[in-house]
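**Q** Using the hints, position chain B against chain A.
Keeping their order, the protein sequence lines are chains A and B. According to this note's numbering, the residues represented by the first sequence are 182 to 488, in order. According to this note's numbering, the residues represented by the second sequence are 182 to 488, in order.
These are calculated hints, taken from the structure and not from any lab test. It is possible that part of the hints are untrue.
No more than 30 Å apart at the CA atoms, straight line, and that leaves these computed lysine-lysine pairs for DSSO-like [stated by the list, open to error]:
#, chain 1, residue 1, chain 2, residue 2
1, A, K244, A, K201
2, B, K259, B, K312
3, A, K201, B, K369
4, A, K372, B, K456
5, B, K259, B, K313
6, B, K323, B, K313
7, B, K380, B, K313
8, A, K369, A, K386
9, B, K386, B, K312
10, A, K386, B, K386
11, B, K201, A, K369
12, B, K386, A, K456
13, A, K386, B, K369
14, B, K456, B, K386
15, B, K456, A, K386
16, A, K346, A, K380
17, B, K346, B, K222
18, A, K372, B, K201
19, A, K432, A, K323
20, B, K380, B, K222
21, A, K456, B, K369
22, A, K201, A, K236
23, A, K369, B, K456
24, B, K372, A, K386
25, B, K372, A, K456
26, B, K346, B, K369
27, A, K346, A, K432
28, B, K222, B, K313
29, B, K236, B, K456
30, B, K386, A, K372
31, B, K312, B, K323
32, B, K258, B, K456
33, B, K386, A, K369
34, A, K313, A, K259
35, B, K372, A, K201
Chain A is faced by these chain B residues, among others (derived, beta-carbon under 8 Å) [to be verified]:
#, residue
36, M269
37, F365
38, L367
39, H389
40, G390
Even glycine gets a Cβ: it sits at the ideal position worked out from N, Cα and C.
Below, each chain spelled out in residue letters.
Protein chains: 2
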Amino acid sequence: MSLVVVGTMAFDAIETPFGKVNQIVGGSATYVAYAASNFVKPIQQVSIVGYDFPKEEMEELTKRGVQLDGVEIVADKKSFFWSGRYHMDMNSRDTLVTDLNVLLDFNPELPQAYRDAEFVMLGNLHPAIQKKVIEQMSVRPKLIAMDTMNFWMESAMPELEEVLKMVDVLMINDSEARQLSGQFSLVKAAKAIMEMGPKFLVIKKGEHGALLFHQDNVFFAPALPLEDVFDPTGAGDTFAGGFMGHIARTKDISFENMKTGIIVGSALASFCVEKFGPDRLREISQQDIHTRIEQFVNLVNFDIELV
Amino acid sequence: MSLVVVGTMAFDAIETPFGKVNQIVGGSATYVAYAASNFVKPIQQVSIVGYDFPKEEMEELTKRGVQLDGVEIVADKKSFFWSGRYHMDMNSRDTLVTDLNVLLDFNPELPQAYRDAEFVMLGNLHPAIQKKVIEQMSVRPKLIAMDTMNFWMESAMPELEEVLKMVDVLMINDSEARQLSGQFSLVKAAKAIMEMGPKFLVIKKGEHGALLFHQDNVFFAPALPLEDVFDPTGAGDTFAGGFMGHIARTKDISFENMKTGIIVGSALASFCVEKFGPDRLREISQQDIHTRIEQFVNLVNFDIELV
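Next up, chain A with everything else stripped away, as it sits in the complex:
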């Protein structure tokens, strides 16, 4: 029940109303791996880093059951670097710096041992790279999920349309769903996007929760109301990691089980925002996750007896 995770492993510099870090480990594949490794082993990681990426981070991931054979290390270049500043509402941010560095050379070659994985999570990358990964799989995986962003809708729409036809689950945020579909209503946007390929669509709304669409069905999970949101960086990727970790563990790709995956993903994301970067994700235990999921059950559970 291995899960292939493709995405960035990087450094971030983050400023929020609560603090500032100048260099912390980040990247979509890092967050996905931390979250998913609570549920499934091995994670088969596909990424690229520079000479500067910390060995201790690699060791920590290995300990968690993350295979790094698919992570290329470039000896003479720096890792991908992103820097951003969050506004007071924590829902919006300005990108200050994007240094692609090694990402310019990213042309993933999947190790043979990865090629029959049943589950694949494609983090936000150029859609041509996402497509290349799918084409290297020797058997069609049971479930392929992908993330993307507005940048590719503007700069690589034909390639994005191609890869959308090849995946099962698309995970994007609300403004990206509106941009991709040209529809303001998220219900209409979901219909339009599912016609582009993915049978399942997850629309992430940050502190306002997430929606799962499939055919005429819709499911909603809130974000846990927290006293403090310390740093939202990586919350979306952590959500994806929790979701795919749950799906890969249960091997059940029904809509019903994806609903549970959405709750698991929301629970993991609620930890992620409690500290800078993936710091909180390193600490949490299975018991912490169970307790958090119980909080979600209590948050939305109600009895109703109609008139």
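**A** Leaving out everything else, chain B in the frame of chain A:
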């Protein structure tokens, strides 16, 4: 099991991206009464209107079990008039005109038959008027809920603080909760506001749902994802009417039952936005309400079996 409803009965002119009406019946007490009358009779209405308020509207409300003895009709003045224009996102609007008209004279005198009601819903009005209504009750009602707005926080904070000490449930939107508490985190805002008096706090987030707080408990209900939101005017009051209608019908003021009230309120609000003004609320049947509540159950219901 009567429910006293205090608030405005008015005319609105509304412009949304989908259309425009120059004069349609509105007002907080109108929406509350339409929603609550699906669940409880009589509604004992307290309001003030001018000579121009339509007789047919009064007749329609009477037919629904709304007593109008507490609605003062001023023969030589016009009804309260509000005009607004919604932005594309439907979550924000500009007020174009506010003609107080009869509202300047509003000094409600409760009919004797109203004074032992078990349930009271105080729509958004000057807090001194809300207080005056509470003081006219001959027995302390089982539950008093109130709405308010940022305007009173800025212009009548001492009076608002007084009335907050007298009520059980406060219903406000997220920006109002932040303003009232001085806290950005809604969890922290809720704690601070409950220390000001109300044991229960409902924070309405429009299309992003609603939160119910009580002591250390929190419950969340989403808004139903709709293909089209036609006109959000009155959705908050309709929510309050559905909530209080359910509470008054069941006479159960536990946190558990309030959770159900939040779902009922959300269901009613989801109808309200489908047409201009209260038009849709006039049409819906008990069966429509049941079906809509089932949609909420499906929207948030999930099974979970932990690792």
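**Q** Which numbered hints turn out to be false for this structure?
**A** No numbers; nothing is violated.
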